Structures are given as structure tokens and as C-alpha cells.
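Peer 1: Listed below, chain by chain, are the residues.
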Amino acid sequence: MSFKLSAAKKSTILATALAGCLSAGASFSAMALDSVHFLIPGGAGGGWDTTARGTGEALHKSGLVDTVSYENMSGGGGGKAIAHLIETAGQKQDTLMVNSTPIVIRSLSKVFPQSFRDLTPVAATIGDFGAFVVRDDSKYQSFNDVVADFRNNPRSVKIAGGSARGSMDHLVAAMAFKAAGGDPRRVKYVAYDAGGKAMAGLLSGEATVLSTGFSEALSLAEAGQVRILAMTGEQRSDAAPHVPTLRELGYDAAFVNWRGFFAAPGISNEQKAEFVETLRKMYDTPEWETVRARNGWAETFKPDAKFVAFLEEQEQSVGDLMRELGFLK
Amino acid sequence: MLDGIMTGLTTAVMPFNLLMVVVGCFAGTFIGMLPGLGPISAVALMIPITYGLDPSSGIILMAGVYYGAVFGGSTSSILINAPGCASTVVTAFDGYPLAQQKQAGKALALAAYSSFTGGTIGAIVLLFAAPALASVSLSFQSSDYFALMLLGLTAVAAFSGKGQVLKAMIMTIFGLMIATVGTDVMSGAPRFTFGSLDLIDGVSFLLLAMATFALAEVVMTVLKGQHKEEEPEMDMASLGSMKLSKDEVKEIAPTVARSSVFGFIIGVLPGAGATIASFLAYGLERNLASAKEKLKFGKGALRGLAAPESANNAASTGSFVPLLTLGIPGSGTTAIMLGALIAYGIQPGPRLFIDNPDVFWSVIISMYFGNLVLLILNLPLIPYISRLLVIPRPILIPLILFFSITGVYLVSFNTFDIHMMVIITVLAILLKLLNFPMAPMLLGFILGGIMENNLSRALTLSDGSFAFLWERPLTLAIVVITLLVLLVPLISPLISRAIGKRKTSYPGPEAAVTEGEG
Numbered sequence: 001m002s003f004k005l006s007a008a009k010k011s012t013i014l015a016t017a018l019a020g021c022l023s024a025g026a027s028f029s030a031m032a033l034d035s036v037h038f039l040i041p042g043g044a045g046g047g048w049d050t051t052a053r054g055t056g057e058a059l060h061k062s063g064l065v066d067t068v069s070y071e072n073m074s075g076g077g078g079g080k081a082i083a084h085l086i087e088t089a090g091q092k093q094d095t096l097m098v099n100s101t102p103i104v105i106r107s108l109s110k111v112f113p114q115s116f117r118d119l120t121p122v123a124a125t126i127g128d129f130g131a132f133v134v135r136d137d138s139k140y141q142s143f144n145d146v147v148a149d150f151r152n153n154p155r156s157v158k159i160a161g162g163s164a165r166g167s168m169d170h171l172v173a174a175m176a177f178k179a180a181g182g183d184p185r186r187v188k189y190v191a192y193d194a195g196g197k198a199m200a201g202l203l204s205g206e207a208t209v210l211s212t213g214f215s216e217a218l219s220l221a222e223a224g225q226v227r228i229l230a231m232t233g234e235q236r237s238d239a240a241p242h243v244p245t246l247r248e249l250g251y252d253a254a255f256v257n258w259r260g261f262f263a264a265p266g267i268s269n270e271q272k273a274e275f276v277e278t279l280r281k282m283y284d285t286p287e288w289e290t291v292r293a294r295n296g297w298a299e300t301f302k303p304d305a306k307f308v309a310f311l312e313e314q315e316q317s318v319g320d321l322m323r324e325l326g327f328l329k
Numbered sequence: 001m002l003d004g005i006m007t008g009l010t011t012a013v014m015p016f017n018l019l020m021v022v023v024g025c026f027a028g029t030f031i032g033m034l035p036g037l038g039p040i041s042a043v044a045l046m047i048p049i050t051y052g053l054d055p056s057s058g059i060i061l062m063a064g065v066y067y068g069a070v071f072g073g074s075t076s077s078i079l080i081n082a083p084g085c086a087s088t089v090v091t092a093f094d095g096y097p098l099a100q101q102k103q104a105g106k107a108l109a110l111a112a113y114s115s116f117t118g119g120t121i122g123a124i125v126l127l128f129a130a131p132a133l134a135s136v137s138l139s140f141q142s143s144d145y146f147a148l149m150l151l152g153l154t155a156v157a158a159f160s161g162k163g164q165v166l167k168a169m170i171m172t173i174f175g176l177m178i179a180t181v182g183t184d185v186m187s188g189a190p191r192f193t194f195g196s197l198d199l200i201d202g203v204s205f206l207l208l209a210m211a212t213f214a215l216a217e218v219v220m221t222v223l224k225g226q227h228k229e230e231e232p233e234m235d236m237a238s239l240g241s242m243k244l245s246k247d248e249v250k251e252i253a254p255t256v257a258r259s260s261v262f263g264f265i266i267g268v269l270p271g272a273g274a275t276i277a278s279f280l281a282y283g284l285e286r287n288l289a290s291a292k293e294k295l296k297f298g299k300g301a302l303r304g305l306a307a308p309e310s311a312n313n314a315a316s317t318g319s320f321v322p323l324l325t326l327g328i329p330g331s332g333t334t335a336i337m338l339g340a341l342i343a344y345g346i347q348p349g350p351r352l353f354i355d356n357p358d359v360f361w362s363v364i365i366s367m368y369f370g371n372l373v374l375l376i377l378n379l380p381l382i383p384y385i386s387r388l389l390v391i392p393r394p395i396l397i398p399l400i401l402f403f404s405i406t407g408v409y410l411v412s413f414n415t416f417d418i419h420m421m422v423i424i425t426v427l428a429i430l431l432k433l434l435n436f437p438m439a440p441m442l443l444g445f446i447l448g449g450i451m452e453n454n455l456s457r458a459l460t461l462s463d464g465s466f467a468f469l470w471e472r473p474l475t476l477a478i479v480v481i482t483l484l485v486l487l488v489p490l491i492s493p494l495i496s497r498a499i500g501k502r503k504t505s506y507p508g509p510e511a512a513v514t515e516g517e518g
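The listed protein sequences correspond, in order, to chains A and B. Going by the working numbering, the first sequence opens with residue 1, and the numbers climb by one from there. Going by the working numbering, the second sequence opens with residue 1, and the numbers climb by one from there.
These are computed hints drawn from the structure, not numbers from a lab. Here the structure is a predicted model, which means the values were calculated and not measured. Glycine residues also receive a C-beta, built at the ideal position from the N, C-alpha and C atoms. The hints are all genuine.
Computed spacing ranges between beta-carbons, pair by pair:
| no. | chain 1 | residue 1 | chain 2 | residue 2 | range |
| --- | --- | --- | --- | --- | --- |
| 1 | A | Lys139 | B | Ser492 | 43 to 53 angstroms |
| 2 | B | Leu494 | A | Asp137 | 49 to 59 angstroms |
| 3 | B | Lys299 | A | Glu324 | 52 to 62 angstroms |
| 4 | B | Lys432 | A | Asn152 | 53 to 63 angstroms |
| 5 | A | Gly205 | B | Asp247 | 40 to 50 angstroms |
| 6 | A | Lys329 | B | Ile170 | 38 to 48 angstroms |
| 7 | B | Ala189 | A | Asp238 | 37 to 47 angstroms |
| 8 | A | Asp34 | B | Gln101 | 56 to 66 angstroms |
| 9 | B | Leu19 | A | Asp145 | 51 to 61 angstroms |
| 10 | B | Leu427 | A | Thr290 | 45 to 55 angstroms |
Footprint (simulated), chain B over chain A, 3 or more residues, beta carbon under 8 angstroms:
| no. | stretch |
| --- | --- |
| 11 | 73-82 |
| 12 | 193-205 |
| 13 | 220-233 |
| 14 | 292-299 |
Kindly generate the complete structure, drawing on both the sequences and the hints.
Peer 2: As C-alpha cells, this is what we get:
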């Protein structure tokens, strides 16, 4: 799961600069998409919803896409929308469905029968890491302290997370303790039904460590009630250079929670290339920068084949972990 | 702190921000009145508008929309039994019977006064104690929430008057059972989903309330053929007087005060919220009522309307405590507002009222104006809004059906929800014909889900030991109160009988309490 943000960005800038020069000539209208229809597998206000609407806003306002429309369709942890996109693929040439890491987890655990292979992966556009957070007055000064306690008595480390057992927050914690040589099945994971409630559980003192997304952890730490012990990126983040990665601390684990877009199965290669090109160009528009900054998103562009390879890799590593935890046979 | 409050005051009284309060309250009330469309939808609609505003104005607008929607939600609960939002479901329990007794005007006015008082008391407490209240938000752990929900369930013990207790209990258990459908948070396993994708997220509370109240009621009307008979009767008279008598005010005042404070505290807890507050306040009021008054609950008791209405508005004000002072959203609505604050580059937390005093205090101060605006906006509108009842039934009924179904659909965007609504409605009609009360089922459902989550969390934390029930003082205190509430009604007849034997002519426990309508 390696991705070098800065390098990727540089080549993106080059590519778009080139594309920009070319399109300034005759072929501009051929490069702009007429319409994109965003299919959102969840309700209003959620993470998928903001990603799709933010991306749509940037694409439309920057003139890359003429008309943008949205459709929310929740149910079955996203499975409803996937099934719908496959069933009506013939009429969904201009549709982009937003999704994220859970599509990998949920298709592994057979929440829905389909996987990303039944769709056309277009690109991962933004990403976030996992992070481990403790209360400001916690005895833990480093993630190493947590691991030491875990080795002595795994039940003494109570890890809160804002989603059910077997979903992302739990898997990230299990992954970290496994890399530290512990038994991931002995991780005491306390599930809350929302991230905010998990945070309340940490602050009220019933849980000792919170497993959450890095960007969320950053804003919580900024308010001064919690400290971030470690994050799951490959290298430190510019946004918080003092937070070490798990790798640096000697635990061979990394995890990225991506968000990206899928098109209907069986769309033409030209259509797919147009989607990819449009998203690629989006990164250099000021409109995208506005949306990105507003939401605190970190860019990670993995188009087409790179996206597929990444998904396969993630499916493999997450699947191994879930098997070990007993969620898969 | 005083400096901060002054900064906030000057920000809040800026003409533009006052305008935002009015716009927010108006939009919120209107969206809240539509059955099913509650604060979440209303606040989500405001997101694109707030991008262009500065932080204070944006949050003032969203806050206005939020409590405006909770305010407006009571209207459709009272008039057509279709809850405007989740936190006004309880309002329908006694509000709709009042409207049917041709006291719609009084019910709406009472709801407006109660909401106003709840919101204002909440805002006052917020102004004086917001930073200090953060510790209250964090004082509740999973075991305490479990005990609190247990206490809430005791409200059902006498839910539906004489002879109905058993039926009420059956329905509560039915509600608890429905709450177990969906993914179990602690194990991650789907339960009772019959392999269906659509049941994995469980049943939504609003859907259940809409189907069992609004839809079942409407279909029953059609079945009974009332839509033909009652037309000439439905006249201007249906509004009734909007005035409350002195005695009624006297009866209601303590209820409103109690429920406001109680609702505020529940709202401050991030694991509870306005809907839970309205249920608990209703239950509390029932438990406090005399035996004679208890029978009126569910049949148009003024106290049964005032309690949830004060509590839900106080609670939505209270939910700003964890949001602003800890950055913890207690509900979907406040989660959206947290997102908006962060998008402005403002991180709510213990330092917010130091770092951004203008935002922090102006939002709180704007709530006074907001509640005043809501009262001024709503009271004169009552005669017009209640004209809704004058609409001929053949037109009103399809309208209610339409709004109820679209309201639920617009939350989930899943057509399966519509099918499920129809099935539940049919089931509810059968149960209603057999005289099973619906309210206990909703109580069991809403409390049951939270109760189970917190119990399994508490058990995980304590490695499967039930010791948390007596080891944590707060949990123990709530458990003891629960036991008292359950046992006192069983023991008190014995005691009063013992007393009665001494004073031979005393008729029984009911007459011992002389509180009442006087």
C-alpha cells in the first residue's frame, strides 16, 4: 500500500498543465464532460454524501462538467446502490458512484454479494489514515506504552471505536496490535454507534484508547482534550509532523481509508478515460482547493489500473486479518 | 467570560444576524411541520447557504433551523397525528387526542408556550453554565446510560390505564424485539434480517412512528367511514379556544419547569438527545401524576402534552453543550453542525469560548431571540394552521399519506422503507382493532436499542461482570430509583390498607391524593 503523495502530485500537475495547454486549443469541448450523475449509497450529510457533492461542486464550478446531478440511495451498507448500478448499467453511462474502504470490508464479509470487480473502478480521489488517540491526561505517552500494557494484560487496554465490531476502526486496531506481536483476537474493542459517542466514551474515562480517522483525530487534538499517539500512514503527515507512524515505532502496519468513484460495469474504455481525465484535471482547479480545504481532505489520486491494484492489495490484507479475527472462514 | 458575553451580544444583535435568526426559525418551523421532515433534513438543506456566511451567522442560522424544526414538529403531531420529527412523536400521544376533542387551538398554544419555556430555560442555563456543563456531558458512562434507559422503561408500567397494563407490556416487549433487528454493534453480526440487505441498518424510529401513528390512524378513519360522516361537523369550531384557564396554567407550570430542566440535562448527555428526553419527561410526568390523573394520559392530558414539548426543546438547546464545549455531536443534526463549524476552520472544544468568543456566545444569545421569534411567529399562525383540519377529509387523507410516505423516504432514499411502512401499518391496524396501545411499542423501541448497546458495552468493559450495577455510584443511584418506581406502587396499597384499617372509613389509595384539577 505505498503511495508517494508528493511525486504523484508533481506528475499530476505536469499532466494537467499539458492537458490544459492542449485543451486551450481546439479540443476543449471534447474534453469537458456533458454530465455526471453521482450515485450516493447513503443519506444526506454523511461522508459519502459530502464527498460526492463536494467533488460535484468542484467539477461543475470549474467548468469541467456541464451538468451535475445527485441521487441518494441508502440501504444494506451501500449494497442497495451497488446492485442498482449493476442492474441498470445500460442506462448509467454517465454515473459515478462514490464509495470507500467499507466496500472492500463489506464484500469480504458478504454483507452484499458483489465486490469492486463487478463495477468499473475509476479512481480513488481522497484518503485518510487511522489514528490512535488518548485523553490528554492519559498515562500513555507513546504507542509503545500501550503495546507494553497490551502484552502484560490485553484486557486492560480498552479501545473505543465509532463503528461495529469487524468494521474499520476495529480492524485498524487489530492490525496495529498484530503487527506489535500480539494476538489480534484479544484486542478489547468497545463499539459505539457513532464517532462522537466513541469520543465521549474516551473522554468519560471508560475507554483508554480511541481508534478513529486521522483527520478527525487532528481536529479533536486541536481542541486540546486528546493527544494522537500514532497514525497509520506510510510517512508522517505535513498537517501534524509530530505524530509518528506505526512503521517508525517498529510496527509493520499501514492503512489508508480511501474514498473514490466507480462507474457502471461495461462502460467503454473511452468513457472511463474521460472520467479519469476529468478527475485528474480537477485537482488543479481553485474550486477543488476550496472544497478540499473546507473539508480537510488529503489528496491521494489513484486512477484506473493503479486503483484496481490497490483495491486487490487492500482486499488481500484486510481479508487475511478478518480471517484471523474469525470474521471470515 | 463577561467580555466574551459582551462580544457575543454585539455579534448577536447585528441586524444581519437577527435576520438569520428570523429566517432560520421560519424555515425550521415550516420544514419541521411537514410530517417526517425533521431537523436533520432542515439543517442539511441549510449547508450550501451557510458557506457564504461568516461563522457566527452560519451557526446562528443553523441553530435557528434546528430548534425551529423541533418547535414546528409538534404542529403536525397534534393536528394530524403524523409526527413532524422524531422528538415530537410523544407530543402526539396527548396532543392528537386533544385536537380530536376540538381543542386543537389550546393544544397548539400549549405546545408553543411549553416549547418557548423549555428553549428559554435551556438558553439561560447555557449562558450561565455552558463551560462548566462539559463535565456533566462526560459524567455518564455506558452503565449509567443503561440504568437510565431501564428507568425510562418503568414508565410503561402504568401506561395504558386499567386492564391495559398487560397489553402495554406486551407492546413494550414487541418494541424491544424490533429494536434488535439489524447489525449488532458489539459483534458486528446481522440479526433477524432474514438475509435481507435492507434490514441490515435496522428499522428507523421515524418510520415506525409514522406507520403506527399517522398511517394507521388515517387508514382507520377510512375503514370506519368517518370521512363521509364527519365532514359537516368539521367546522371553525374544531379550533376551540386558544386560551388556557388559570387553573390549567397552575396545573401546567410545575410540569413545564420540571420537564425543561430535566430535558436540558438529558440533552447535555451525548448518548441521549431530544427524542429520549421527550419520552423520559413524559414517563416522569406520568409517574409523578396522581392515580386519577394517570388515567388521563394518552387521552388528552395537558401535562402529557406540556412535558415532552418542554423537554424536547430544552434538550435540543442542551445538546449544544457537548457540541460547543467538547466537539462531540450527540445527534445526527449536531453532527452536521459540527461539520459546518470545522469547515469554517473553527474547532469546537474547551477553548472555543476563549478562542472564538463571538461565535460561542452569539449562538447562545441568539437562542433567546430565536425562542421569542418562534413564539411571536407561531401564536398568531395557530388559527390559520389549524384550519388544516377544516380541509375536507377526502383531500386531507391523501395529503397526509403523501407527506408521511415522502417524509420517510426522503430520509433514507430507500424504496424498501415504503414497503416496510405499509406492512407495519397493516400490522398496527390489526393490533389497534384488538385494543393494543402503540405508544409503549415506540417507548420499547427507542429505549431498547440504546439500552442494549450500552449494556453490551458495559459488559465488554467489565469483562462480562454485572458488578457495574452497584460499583458505580451513579449507576447504583439510578438503579435504586428504578426499583423504587417499580416497587412503590406495589407496596403503597398495602401500606395504605394498613392505615385504612386503622381509619375504617377511608375508601382507598386513590382518594388519598387530592392533587388534581381542583
